[in-house]
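When we follow the UniProt record's numbering, the leftmost residue of the sequence shown carries the number 1, and every step to the right adds one.
Don't read these hints as lab results, they were simulated from the structure.
Keep in mind that the hints are not guaranteed to be accurate.
What the hints assert, rightly or not - Straight-line distance between alpha carbons at most 30 Å, and here's what the computed DSSO-like set of lysine-lysine pairs gives:
| hint | residue 1 | residue 2 |
| --- | --- | --- |
| 1 | LYS12 | LYS25 |
| 2 | LYS50 | LYS34 |
| 3 | LYS35 | LYS12 |
| 4 | LYS50 | LYS35 |
| 5 | LYS49 | LYS35 |
| 6 | LYS26 | LYS6 |
| 7 | LYS12 | LYS26 |
| 8 | LYS48 | LYS35 |
| 9 | LYS25 | LYS35 |
| 10 | LYS50 | LYS40 |
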Amino acid sequence: MALTGKKVDFSKVVSMIDEMVEVLKKEQVDDDSKKEYCEKQFDNTDDKKKELEHTVEDTQTAIEAAETGIATLKEEMASLEASIQSLDKAVAQASETRMLENKEVQGADGLGLRGQGAAGRGQEPPQQAPAARQATGESGALGAGPTGSPPTWAWGPQPRLSRCP
Numbered sequence: 001m002a003l004t005g006k007k008v009d010f011s012k013v014v015s016m017i018d019e020m021v022e023v024l025k026k027e028q029v030d031d032d033s034k035k036e037y038c039e040k041q042f043d044n045t046d047d048k049k050k051e052l053e054h055t056v057e058d059t060q061t062a063i064e065a066a067e068t069g070i071a072t073l074k075e076e077m078a079s080l081e082a083s084i085q086s087l088d089k090a091v092a093q094a095s096e097t098r099m100l101e102n103k104e105v106q107g108a109d110g111l112g113l114r115g116q117g118a119a120g121r122g123q124e125p126p127q128q129a130p131a132a133r134q135a136t137g138e139s140g141a142l143g144a145g146p147t148g149s150p151p152t153w154a155w156g157p158q159p160r161l162s163r164c165p
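Put together the whole structure using the sequences plus the hints.
In structure tokens form, the structure reads like this:
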């Protein structure tokens with residue numbers, strides 16, 4: 001065309017270029033707004049990520065503290081169980097000692113195991129009717145037997161001697 005010497009009309013091309021420039025400007029504005037939106041979303045996501053990381057760190061710290069507390073409690077339980085076992089042994093020894101001392105005291109009383117009856121258990125003997133007392137020769141006075149001395153049941157149980165506080 002240019003070789004033939006005719007004038008060429010570029011008005012259509014220029015108008016198409018102008019339209020394309022306008023479309024590109026609109027797209028640039030859209031891209032800018034989308035970029036701002038994306039940057040805000042990235043900021044929000046980063047903030048949430050940091051919050052979650054702090055939450056994870058706090059949770060891990062709490063877990064470590066709880067584990068330390070559990071270990072301490074286990075140690076305390078073990079020491080308490082050991083002290084309970086030693087106390088059980090001490091109670092068993094003290095009980096055995098008291099039983100032996102009780103047998104010694106009962107043997108020294110002259111009462112022995114056969115003379116205990118109701119008095120050995122800290123109970124009073126059954127009361128006799130007045131007619132039965134007269135038949136056996138006992139007077140009505142409390143504590144006076146046929147010989148005038150107090151009966152053996154009046155002595156009651158002897159106090160226990162204990163070496164334990």
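Hints, one by one, checked against the model:
no. : hint          : in the structure
1   : LYS12 - LYS25 : 20 Å, holds
2   : LYS50 - LYS34 : 24 Å, holds
3   : LYS35 - LYS12 : 34 Å, violated
4   : LYS50 - LYS35 : 22 Å, holds
5   : LYS49 - LYS35 : 21 Å, holds
6   : LYS26 - LYS6  : 37 Å, violated
7   : LYS12 - LYS26 : 21 Å, holds
8   : LYS48 - LYS35 : 20 Å, holds
9   : LYS25 - LYS35 : 15 Å, holds
10  : LYS50 - LYS40 : 15 Å, holds
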